[in-house]
Amino acid sequence: MRFTKDHEWVELDGDTATVGITAYAAEQLGDVVFVELPAPGKKVEAGGDMAVVESVKAASDVYAPLSGEVTAANGELSDNPQTVNDGPESSGWLVKIKVADPSQMEKLMDRAAYEAFLGTL
Amino acid sequence: MSAEALLQTPLTGAHRRAGARMVDFAGYDMPVQYAPGVLKEHLWTRAHAGLFDVSHMGPGFVTLETRSGDPAADHAAISALIEPLICGDVAGLAPGQLRYTLLLNEDGGIIDDLMIGRPLWENRQGMLYLVVNAARKAVDFPLIATAIDGRARLDRADDRALIAIQGPEAAAVLGGIVPEAAGLGFMRHARFDLEGTGLLVSRSGYTGEDGFEILALPEMAVKLWDRLAADPRVEPVGLGARDSLRLEAGLPLWGHDIDETTSPVEAALDFALSKKRLKAGAIRGSARIARERAEGPARVRVGLRVLQGAPAREGAAIADAQGHEIGVVTSGGFSPSLGAPIAMGYVPPAFAAPGTALQVIVRGRPQTAEVASLPFTPHRYHRAAA
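If you're matching them up, the sequences are chains A and B in order. Heads up: the first sequence is residues 1 to 121, going by the numbering used here. Heads up: the second sequence is residues 1 to 386, going by the numbering used here.
Because the hints were derived from the structure by calculation, they are not lab data. It is possible that part of the hints are untrue.
Stated by the list, open to error - Straight-line distance between alpha carbons at most 16 Å, and here's what the computed EDC-like set of lysine to aspartate or glutamate pairs gives:
1) B:LYS40 - A:GLU27
2) B:LYS40 - B:ASP243
3) A:LYS43 - A:ASP101
4) B:LYS279 - B:GLU83
5) B:LYS40 - A:ASP86
6) B:LYS137 - B:ASP243
Unchecked claim - Negatives, chain A to chain B, calculated, CB over 12 Å:
7) THR22
8) GLY41
9) GLU89
As the list claims (entries may be wrong) - If you anchor each label on the Cβ, the simulated ranges turn out as follows:
10) A:GLY119 - B:THR197: 41 to 51 Å
11) A:GLU106 - B:GLN322: 19 to 29 Å
12) B:GLY175 - A:PHE117: 48 to 58 Å
13) B:GLY69 - A:ALA58: 51 to 61 Å
14) A:THR120 - B:HIS256: 43 to 53 Å
Backbone N, C-alpha and C define an ideal beta-carbon position, used for all residues, glycine too.
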């Protein structure tokens, strides 16, 4: 699993990346009450808007960690947005992206680097 | 952001010890939420009792420089000094009564909303208790002090703590510590003694629930907070849930739902207008207010239920069913009690009837919404048995 400074995580399987928000991000956001996800087929750019996760108080943008095409969105979240809090780095995944260039992963942080980054916040 | 240090309340230490997440609110270092989070704190307040630090607000007292000693005459004299600034009836307050009112500008725009109270005891007549919004202290206090200069004085009390306890179990909890408080009627206030220290307790709040607001000296406030927080029926609640509670209760927030451009009629706060003073033209902005009451205002504050999609937050456009933009959301979010998004905003009166089908535009996309009567969740204020 790799991480961004915007608190997204990515897990790559072949050329398909599963993306979500980190446990830290979910904790900071609080109870998630609404998740807006892109439709399959949508092209996303690394660092560009991908999804919106909302708590009672605020809406937070989620950026695409990698460029590619969305192949699936987690349908469970429309009925149970709280799943993002229950399993942010597992069942609360947001989208799957068919990645144009898997080597993009190398630019992202590994867990040790992400945790070191959290320590600076 | 300003580099100045944030102001602390007497309870800041208690919040930090409780693990609160602190934010800058109106220049104060305030708890936005505690460990349970906004959703759970909100629901706890509706079911039990929520404890709030609202010390950032602006309590104060105005007092006649020279009292005659005749309680009725002294109340009439202090009322006559304050009434020209506000839209309500102060002279007609009963001893101990508290009233929600509005400070108006010359055009009838709302400078602030505030509470004003007449002391209960005979020996304190000629004095009024005020509580203004945190973000408006710098405007309201000089305005009031100037208006009463020479005849009365303003004593700010925002160096004290203001604690709110709100929810269906609030009266039982506070009554266990200050027994007399449970006997207060809704929108009444009185001074009670706790361990030799005076507390000014009002039966009021901004959540739609029964509850109290307590003005206390800092040292006593910390002791009282700790005693209240130790009660199993009580959880501390941050400003995040305070905002979602007041939104469900349909209560406007200055700087969002009301400001110097909105009139009491537009804001659907007509109930705060003294009909007698309005008829006499004795309220600032009387001409505009009377015209809006007769002909209808250009826009009016309404509640909205968002029927699909994301919460519509402040600044989202409101459109009619055909998609023509007709207004704007001034407060919006997710209602924990209803499990759905709700909002308040302004629309022309032709679109203000409950049930009217509208749209809200969120991130460029229209979502269906409809006008809802306010409050979204019923008020459960304390009504004394007849």
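Evaluated hints:
1. B:LYS40 - A:GLU27: holds, 14 Å
2. B:LYS40 - B:ASP243: Given that 16 Å is the threshold and the Cα spacing comes to 14 Å, the pair holds.
3. A:LYS43 - A:ASP101: holds, 13 Å
4. B:LYS279 - B:GLU83: Between LYS279 (chain B) and GLU83 (chain B) the Cα gap is close to 14 Å, so the pair holds against 16 Å.
5. B:LYS40 - A:ASP86: Holds, at about 15 Å.
6. B:LYS137 - B:ASP243: Outside the cut-off at roughly 19 Å; violated.
7. THR22: Holds: least Cβ distance 17 Å, greater than 12 Å.
8. GLY41: holds, 17 Å
9. GLU89: With a cut-off of 12 Å, GLU89 (chain A) remains clear of chain B, as the shortest Cβ separation is near 19 Å.
10. A:GLY119 - B:THR197: 41 to 51 Å: Because 44 Å falls inside the window, the suggested range holds.
11. A:GLU106 - B:GLN322: 19 to 29 Å: Violated: the Cβ-Cβ distance is about 51 Å, outside 19 to 29 Å.
12. B:GLY175 - A:PHE117: 48 to 58 Å: holds, 50 Å
13. B:GLY69 - A:ALA58: 51 to 61 Å: holds, 55 Å
14. A:THR120 - B:HIS256: 43 to 53 Å: violated, 34 Å
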